[in-house]
Structure formats: structure tokens, C-alpha cells
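Input sequences plus hints: build the corresponding full structure.
Protein chains in written order, with my numbering: chain S, 1 to 431; chain C, 1001 to 1485.
Just so you know, these hints were derived from the structure itself, not from any lab.
Mixed in with the good hints there might be a few duds.
[Claimed, not checked] Per the computed footprint, the stretches of chain C lying under chain S, defined by three or more beta-carbons under 8 angstroms from a beta-carbon of chain S, are:
(1) 1093-1103
(2) 1106-1112
(3) 1209-1217
(4) 1227-1241
(5) 1330-1336
(6) 1339-1347
(7) 1361-1371
Even glycine gets a Cβ: it sits at the ideal position worked out from N, Cα and C.
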Amino acid sequence: MSATEVEPRPEEEFELVVGLEIRVPLRTRSKLFCGCATRAADPPNVNACPICLALPGALPVLNLHAVELAVRTALGLDCVVHPVSVYERIRCDAPDEPKGYSLVQRSRPLASGGRLQIGRREPGTPLEVRIAAVRLGEEGATVRHLRRDHTALLDFNRAGHPSVQLVTEPDMRSGAEAVAFLHVLRQLLAYLNVSETAMDRGGIRVNAHVSARGFGETALRPKSRVLELRSAGAVARAISWTFSRHTSLHASGARVEHETLRWDDVRGVGTVVPARDEVRAFGPDPDLPPLVLDSDWLDRMHRDLPERPAERRHRFLTEYRLAEREVEVLTASPGRADYFEGVARRHGDAPTAARWVTGEVLTALRRERTPLGRFRVRPADLATLLNLLRDGVLSDESAREVFRIMARTGQRPEQILERPSASPPDAPRDG
Amino acid sequence: MTEPEEARRIVEFRDGVLVGERAPQEAVAAALTRMSHVAAEPDDLNLFISVDADAAGGCARDLEVRLGDSEPGTLLGTPIVIGDNLATSTLRTTCGSQMLADYVSPYQATAVQRVRAAGAIVVAKANLDEFGMGVSTTRSAYGATRNPAAPGRVSGGANGGAAAAVAAGCVRVALASDTGGGVRHPAALCGVVGLKPTYGRISRFGLVALAPSLDHVGIVGATVEDVALTLGAVAGHDPLDPTSADVVVEMYVDALGHSLRGTVVGVLRHRDDEAVQPAVRHLCDAAAERFRRLGAEVREVRPPHLHLAQPAYQVIAACEAVSSLARFDGSRFGARVEATSWRTMAERSRSAGFGQEVVRRLLLGTHLLGVARREGLLRRAQQLRALMADDFRTAFASGVHVLFSPTAPGVACISGEAENPEVHAVQERYTAAANLIGVPALSIPVGRADGLPVGGQLIAPHFAERTLFAVASAHERLLFEELGG
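Here it is as C-alpha cells:
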């Protein structure tokens, strides 16, 4: 939080401009260019083969399931998916890239021209962030440095894990907007079911492109590219620190150059990575033919696209006639929305189902400290309980009591009611 | 030129094995004896980087034991040599470089796996110019390969070891790489048959890349039949190589022995034909005359951009080599030169591991991709590549079935001359076009000048390898008769 201590006045005279580059590891069983398993946590170098080790003579073969997940992501962001995309070799001389170059869909990406609404800037104006490009690429190896004897150990289990790279236009004007974007994006990714979505656990990484300019200016000033931010908090802190750096430089009349920064989130400082003047673009990869997507297949992908958060919210508002606040809570994650629908469909009275899910269920989850996926009360059982309540078999009070037992023990309502200790003796035998 | 001696033909030997008159071990023993003989001579030809007599003997014994267990392969009991830039899992794969001096691949190349599945026995890994960069096999970290026809002369390159091994009679066939002429050039200079098939016809999986859009796995053989048989065994789609073609593999040997009546041969005229040595021109003219005698119609064809093939090839090959060789950084292969930072370690290891020619080409490629990018040489080379493809398409569309030219502009030069840049620069003048376009090309012996072999090159449309074999085998028979065979 040391970043917030520096608060020079010039910040008020400048507008913050932020664009994000986000890497999202995809949830596939095998790697992007070979058949190795994507289990990074296995013992080191268990999931490695001649291809992901880039042994001489090995050739990449594209994983079509990864292509499918990347296309789903792009369609979810309302992008235009290009029928032809091309992998280029981009120089990367670091020990975690065994080929010496990475394969990037640079000039001809998988998709472009998308957008994601992240809120409203002022009443009525939707705040949209445009998506410049969606690319399908791969992760590098894990490097562990042993300080004592200048040794680095390489683990290739993660090398070649597929990930999508999303590049936004510089459409965000505050750190809070960047954080909101990441939040909405994570929610979307969860609905699309393409990745592990917890930012810290799922390995989502962000490069933030930050610059400052005078209010009313339309051109962009030189920017800092802050590398490898691994949490929403780090994104906010790095943006704020970098903005201060730019505004004080601008205010002092110093020249700002394009630069790359490495962010130290513990110390709350960025350090400039020295630029190297060298050839980066090696040209199209001769080993991978251009990726050509069949239009029928793309149509099918479009048709089969899972319902997105905004669509689901809209449906809940219109179909179930719920309050906006409730819909917001119910659609926070696809699992929660599915759970609610499971209850509502069986029980029939959506507002009651919504009240119970946002109330009793969320309270029980907090109390039991379980994620919804492992919650003991299944939607069908909750629906049965609500039916008993509606039919006057149970009072509101006793229904809550039965629910608490269900959450603790996983028993169905009828099992609980059968027991002599439980209240009304005239409970129905079936659910 | 090796005589197509009936008893040694692969098919004959295979039949002998099947009826129990011949044994694979016998063929391996003969190859090993011949190999030690050429290595022992006062002028050791230096054909091989690794020889594994024990493993070869073991394979031969296995074949004998398993004989009858399954359908016998087309190369049953045939000893074979593999260029040292194709991955083999028993012998090391050095690519002629110090960088990979002790590298043993954990997997084998698809082409190697397929010849072995067809019953061939790998006896040795052949010498080559480092990473396939060269036209003389004098740029290997393991010494120069001499020409069996004249040990004071070069064997051509890059795969001089493979071609010379066949020419010296050690084996009937070898697999090697052809990026700008790497199989055809040494085949011509050593007096054997060399095929660069259509791009995608043979899987590149396991071929250590030099320039992947130009790299091909090729075949050297003592006769056209040897090459056709071997192609039948290795050709075909490979799910491990996305650039391999899913095109039906034809019966190549069936193309042999047909008349050339109705075939139109286009003799390629190159703007720099004047620079071809008179003896080579004379022998190629004689070969064209033979095609005519065999019933073919012979015409002249002048593709307008042919003279730019070699410069375009050099630019593209140098640029692709930069990234292909980027992985050799000392972390995982080669002698590492330790340093305190990874980057310094990589730089020093590369300087120590790569030879002069590799460094020269990497510098050229880096220059073309970097500082000189704005001059657009790479872009123009790619445009030329497209124009040349049009030229050849036009030629084939005009009714020409096969094109013919010299393979190399001269005979093998004496070893000292190999470093002469002027000699070096023109060697791939006739062969590079087929790599740029991807069409199949075959170098065949057309005779000798003062005892030195001369090769002629046949080029056919994509996947028309059968046409190459038909023309080449008819010519081979006629030439053999002329020589009093």
C-alpha cells in the first residue's frame, strides 16, 4: 500500500489511460502443441516430451480442443473470429522458452474487434472496453533459481500449456475500471467454462499498459508496459504507481519514453527492464500451416455458445421477474445461477426460490465454509422443502430448521421428517 | 556409377531372404566389411560420424528370427545409412556439429522408423556439412568427406557422407536431407541417384530443421529402382508433421521400365548456362539426346525467374535458420560454457558450439531480418518464390511432363577449392528452385568427365514422382547399355 503514499498534485491535471493484456490458461487435458498432460503440479518434468522440450527435429501439432476453447472465449467477447490465423515465430531468448522463439498469432490473430461491458460510467452510458485481439498461445516452462550456486532448475510440465491472450484497447480511465474489467472478464470466463477462473489459482496474468495525458487530449502519450501482474490488487497498485510516475514526469517537463516495468508488489515499486535492440520477428512459422476455421464449424460454435452473464441476468429479470439486486447475486457465478434455476424449475415459485438461495443457502455456505459445488443440499431437495412449506406442511420456522439439518448432514427433508424427534408427524412420505 | 548388378538388387536380395537362400546378417556383414575397407584406405573417405555394428547385427538377427511372423517389408534385410541430422534413437544425432557432439535423441524420425519397419537395417550415420549448411561436406565438425570417385575431391553436399556411402558400395540406399540440393548435389558429384520428393511426401518429423519451408527428407540410391522402393516405404501422411501431405502413396516401382513415347521433356534453359562446365553441358546434351532416342519429345523451356532461384533460396534459408537454430543455447544440448547469467552462457555456448559457416549464415539471416528488413530482401525472395511457382506451373501446363537440367554446374572440385566463395555460390543454381516450389526432383548419373561423375536433374509437378522414375529408369537402362553393361 506504499503506492498510495505518493500523491503528487499533478495527478489531478492528467487523465489516466489503461489498456490490458491478459493471459488466461485454458482448461484442456493436453498441451497446445503436443499430447502431454497439462498437470503442472506433477513431479517436475513428468509431463514433457520431445515436442514441448523442443528437441531437435520435433514438430508442433495444434490441439483442436484448445482452439475450440479459444474460439469460445472470442465469441463470448463478441469478437470477429477470423477464418485464417497465422502463427509467427517471435524471438524469446529466455530459459523458459526451449524453442528460442514463441509461436504467436501476431499479425493475424484468431479473433479481433470484440467488446465487454463492465458497467456504466454515468447513468445511461454503458462503459465498454473494446477487445483488440484474441490469440491462442502457450505458457513457458517454470524456472526455479537457486541463489546459492547460480543454478536455475527448469520444469517443463507447464511448458506448452495453452492459454488465450486478450488485448484490450486503451479504454479504461482508472485503476478501478481495470479491476472491474478483470472482475467481469473472470465472471464471463466462468460462464464460458474455458479456464480455471480464480486469478491467483488459475494463473491469469496481466500486463498493464499505462500512460497519462492531459484531459481533452485525443492522442496517446508514450506508455509503460507493466509486466506479469498476478492479482487484481497488484493491477490496481501497479497502475496507481505508474500513473504517479508518468504525471510527475509530465509535470516536471521530462520526456517520457515507452518502457517496460517489472512490478514488485511487496515493495510497491516498479523497475525498468532495460530495452534490447534486437530482431524479434522471425516471420511466419513454416512448421504450422495457417489455422483455417471452417465456417460451418464456426456457426456451430456460435450456436452452442453457453449463456453469458449478461444474457442470464436479462433472462432472470424477464422470465422469473426477480429484483435487479437478487439477479446480481444469483448470477455472480454460473454454478449459483444453475443452482437457483434447479430449485425454481422444480418448485415453481421463482421469487421464493430466489429468496431462499440468496438468503439461507448463501448463509449456510458461509457457515459450512463449502463452495457451492460441494454443498450438501441438492436443488431437488431444497425444492421439496419449499413445496412442503408452500403446502403448509411445514411452518416457515420449522422449514428453516429442517434446512439447517439438511446443510449439515446432507439428508433429504423426508428423511429428517421421518425421524420421531423432528416436528410434524403428518409429513408426506415422498418428495 | 554403380552398375545395377542383378544379384545385389534390393528386390532380389529380399526374395533370396524369403526363400532362405540369403540372410540379413550376411548383408550387414558385407556392408560393414565394405565400410571398414573404405575407412582404412590411405585416403579414408570419412563417410560416417557413427557406426554401430553390434546394433545392426542385432537388428539383422531379429529380422531373421521374426521372419514369417508378419508380412515381409519391401526393404527386408537392406542395410541403410542415415544422414546425421535425422533422429535415430540408438546412434547419436550430431548434425555434423560440435553443438550436438554427444546428443542421442530419445525418439526416432518418422522416416527412419518407416524404413526400419520395412525391414531395413540402420548401419551408420553419415557425415554432412554442419546442420546441412554447405555444398561440399568440408564443413562438418567431424572432418571432410572425400569423393569415392576421386579422393582428392569433395563429395558435394550438404549430405556428402550419404551419397559417397552409396557410391562407395557400402549400402544401396541412404536417407538424407535436401534443403537446397543437399541430396541431389552430392549424388551428382558421386555418381549415384538422389531424390528430393514433393514437399510433404516424406514426414519431416525427426529431421533437425535448417529451413523448415525448404527442408525435405530425400533418398540416395545406387539405382532408380532402389530409390523408388525406398520412397514407397517412407512416403505418406504423418500425424506428427502438420506439413506432411495426405496424398495417396503410389506404387512407384510400377513406373519403372516403361517406354517414353508420348513423354515431353523440357530442357531447362538458365540465363547463366554459359557458366556450366563444357563437359557437364556436353553430357547433359547427350542425356537429352537419349530421351529423344527413347521416344520422348524434347523441347526447350525458359522459366523467366529461374536464375533468381539461388539468391532467393539463400535469403529465405538464412532467415529461417536463425529461428530454427535458436534452441541451441547450451541449456540442454552441447558443451555448455558456464557463465553467471543465462544470456552470457547462451552466447558463449553458441560461439563455442557452432562452426564458421553456421555463424556466417546466422549473421546473414539476423541481418536480413533486422537492420536490412526495410530493404525488403526477404519479402522479395518470397515474391520470387511465388513467381517461380507460376513459371513452373506454366511450363507443366504447356504439355511438358518433366524438366531436365544439369544438377550441378561442374564436376567435384578439388578439396582446396571448396572454400572458394565463387565456386561455393553457384553450386545450388539448378537445385534450389525445386526446394522453393516444393516439386519433386531427381538427380541421375549421365556419365563421367575424365572419370568424374556428372549428374542431370529431372523435375516433375507436385506428387508426380512416378514420372521422374519412369524417365530416369529408361535413361538408366540405355546409359548402362551404352557403357557396355
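Hints, verified against the model:
1. 1093-1103: This one holds; 4 residues, not fewer than the three required, reach chain S with a Cβ under 8 angstroms.
2. 1106-1112: Since three or more residues must qualify, the claim that chain S covers the segment 1106-1112 of chain C holds, with 3 doing so at under 8 angstroms.
3. 1209-1217: holds (count 4)
4. 1227-1241: holds (count 3)
5. 1330-1336: holds (count 3)
6. 1339-1347: Per the Cβ count (4), the hint holds.
7. 1361-1371: Check passed, 3 qualifying residues.
The earlier numbered hints are all upheld by this structure, with none contradicted.
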